[in-house]
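Asks: Spelled out from the first residue to the last, the chains are:
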Amino acid sequence: MRGSSFGYLLKSGFKNLWHNRLMSAASIGVLVACMMLIGGAVLLGLNVRSIVGVAGEENEVVVFLEEGLTQDEIDEVGIQIQKLGNIKEVDYVSKEEALKTEQEKDKWGGLLDGLSEEDNPLPASYRIHLVDITENKLIRTCEKLAQIDGIEEYNAPYQEATILTDIQNAVTFVGAIVVVILVVVSVMIISNTIKITVFSRSKEIYIMKLVGATDTFIRMPFMIEGILIGLIAALLAFGILWGGYSYGMSALDLSGTGWLSISMDSLVAFEDVAAFLFGVFAALGAGLGWIGSIVFVRKHLRV
Amino acid sequence: MIEFSNVTKVYKNGTEALKDVNLKIDKGEFVFVVGPSGAGKSTFIKLLLREETPSKGHIEVNGYDLNKIKRRHIPQFRRSLGVVFQDFRLIPKMTVYDNVAFALRVTNVTNRSIRQRVPYILNLVGLAHKARSYPEQLSGGEQQRVALARALVNNPSLLIADEPTGNVDPEMSLEIVELLNEINKYGTTIVMVTHAHDLVHKFDRRVITINHGNIVADGNGAEWGVFHER
Chain W
1 MRGSSFGYLL
11 KSGFKNLWHN
21 RLMSAASIGV
31 LVACMMLIGG
41 AVLLGLNVRS
51 IVGVAGEENE
61 VVVFLEEGLT
71 QDEIDEVGIQ
81 IQKLGNIKEV
91 DYVSKEEALK
101 TEQEKDKWGG
111 LLDGLSEEDN
121 PLPASYRIHL
131 VDITENKLIR
141 TCEKLAQIDG
151 IEEYNAPYQE
161 ATILTDIQNA
171 VTFVGAIVVV
181 ILVVVSVMII
191 SNTIKITVFS
201 RSKEIYIMKL
211 VGATDTFIRM
221 PFMIEGILIG
231 LIAALLAFGI
241 LWGGYSYGMS
251 ALDLSGTGWL
261 SISMDSLVAF
271 EDVAAFLFGV
281 FAALGAGLGW
291 IGSIVFVRKH
301 LRV
Chain G
1 MIEFSNVTKV
11 YKNGTEALKD
21 VNLKIDKGEF
31 VFVVGPSGAG
41 KSTFIKLLLR
51 EETPSKGHIE
61 VNGYDLNKIK
71 RRHIPQFRRS
81 LGVVFQDFRL
91 IPKMTVYDNV
101 AFALRVTNVT
111 NRSIRQRVPY
121 ILNLVGLAHK
131 ARSYPEQLSG
141 GEQQRVALAR
151 ALVNNPSLLI
161 ADEPTGNVDP
171 EMSLEIVELL
181 NEINKYGTTI
191 VMVTHAHDLV
201 HKFDRRVITI
211 NHGNIVADGN
221 GAEWGVFHER
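Same order as they appear, the protein sequences are chains W and G. Note that this note's numbering numbers the first sequence so that position 41 is 41, with each residue one more than the last. Note that this note's numbering numbers the second sequence so that position 131 is 131, with each residue one more than the last.
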């Protein structure tokens, strides 16, 4: 194909978009709505995951050390723990510190009062914060923990981990279903629009065929039109979503009270997912326009 | 140029449109094809354009074997001929100029030769001053001349006209056939399907009469007149 032909086809793609502006506007509107819903579902899902993740970090694994270890041996255990992976932070709590803390808590009804350091029944411990506390990761880390020498026993927040994992799974699952449904709906609506557009121009396609136009030549303006509609919709949906999300975030920030402002830090910033969302939108829009024009023009090319 | 050998066309619904038709049209001829509605004229045109394929028999047009031609070569074949229809078939949202230029654009012609060729052809059919008009702003006769310009702009060796005067007033009809006659003088083969018997009488040319899917007469205009009046 010549450059001049390509220029002509590109131009007629743009022209068609304008000539059928009512239909173009309708398609763009529908696509924008679908993309915004998809984007909303993705943002909600990411935020829930992020908040749940923060909650998970509050939970710690406590490792009690065997009695009578030397300081070197205790340090060695600490080094071993650091090497496990999935470890965010390790704090050492000595026997003395443990006793002091427990005495201050006064939970034992004075039972611990007057105990000297020699009689101290409390073991030294490591308090470990994990990076990922979801069930599988937690179990795997604990299995490795059990193999380190010098550890008497450990307490892991299995129950909490199960709950958090369940929440994350549920959010991911529901989010995925919502996104899939919306994608299917967009595909159907866009297919229908393209079908109508192509049908309204079937006479034109027929004339083109009789004059000796190749299938590619006929298809190109439709493809360009479809891709343009998709890209414009992506741009609009992206802009609206960005504006809306930023506005919502600043409103939360200003209200400044209660758990909402506490969890502010754990909310996902739009900038972090912007590139991803726009990529998905653009690919979805352009892909739909492209494939749709190929599928529905084909029927009319059989002349 | 055109050769039908034992061509039969049966549509899916069982209609037998053409029955064992044998026909030869040579280069440079001017042929009228006449016959009542439903005689098989439209099928004849559709077979010529490779819009339909024959159920039986063999068709050759412009050196292309239409039985064996590959799908991707059909556009190339169609560029070698020009077509004019009763309902003009212009693209409504394109200007007269663009409608004519379109037939060149599909053939990968440079913009420069489009700018030369289109005004020349529009001038030939006497519509140079309407280049910027849209089809709906023109009369039937003018629209048909635009269609004719589009058919001719590729310099085809064969021009097929399917009732070109059907939607045009009598005076303009005469003008259009005279234009076809002129074009024929420069060597373009012309096949014109028509109902206009007065035109067939006036231009004493070869006349092929189709009825019930058969060729019932094939002779010159004067003979046909005798046959017709009987």
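Because the hints were derived from the structure by calculation, they are not lab data. Take the hints with a grain of salt, since some may be wrong.
As the list claims (entries may be wrong) - Label-pair restraints from in silico Cβ distances:
{"hint": "1", "chain 1": "W", "residue 1": "294", "chain 2": "G", "residue 2": "12", "range": "49 to 57 Å"}
{"hint": "2", "chain 1": "W", "residue 1": "202", "chain 2": "G", "residue 2": "113", "range": "56 to 64 Å"}
{"hint": "3", "chain 1": "W", "residue 1": "177", "chain 2": "G", "residue 2": "69", "range": "18 to 26 Å"}
{"hint": "4", "chain 1": "W", "residue 1": "184", "chain 2": "G", "residue 2": "116", "range": "49 to 57 Å"}
{"hint": "5", "chain 1": "W", "residue 1": "246", "chain 2": "G", "residue 2": "87", "range": "40 to 48 Å"}
{"hint": "6", "chain 1": "W", "residue 1": "21", "chain 2": "G", "residue 2": "140", "range": "29 to 37 Å"}
{"hint": "7", "chain 1": "G", "residue 1": "216", "chain 2": "W", "residue 2": "29", "range": "55 to 63 Å"}
{"hint": "8", "chain 1": "W", "residue 1": "181", "chain 2": "G", "residue 2": "116", "range": "54 to 62 Å"}
{"hint": "9", "chain 1": "W", "residue 1": "250", "chain 2": "G", "residue 2": "93", "range": "42 to 50 Å"}
{"hint": "10", "chain 1": "G", "residue 1": "70", "chain 2": "W", "residue 2": "176", "range": "39 to 47 Å"}
The beta carbon of each residue, even a glycine, is placed where N, CA and C say it ideally should be.
Asks: Taking the hints in turn, state whether each one holds.
Replies: Status of each hint after checking the structure:
no. : hint                       : in the structure
1   : W:294 to G:12: 49 to 57 Å  : violated, 27 Å
2   : W:202 to G:113: 56 to 64 Å : violated, 30 Å
3   : W:177 to G:69: 18 to 26 Å  : violated, 51 Å
4   : W:184 to G:116: 49 to 57 Å : holds, 52 Å
5   : W:246 to G:87: 40 to 48 Å  : violated, 57 Å
6   : W:21 to G:140: 29 to 37 Å  : holds, 30 Å
7   : G:216 to W:29: 55 to 63 Å  : holds, 60 Å
8   : W:181 to G:116: 54 to 62 Å : holds, 57 Å
9   : W:250 to G:93: 42 to 50 Å  : holds, 48 Å
10  : G:70 to W:176: 39 to 47 Å  : holds, 46 Å
The structure fails to meet hints 1, 2, 3 and 5 from the earlier list, while all remaining hints are met.
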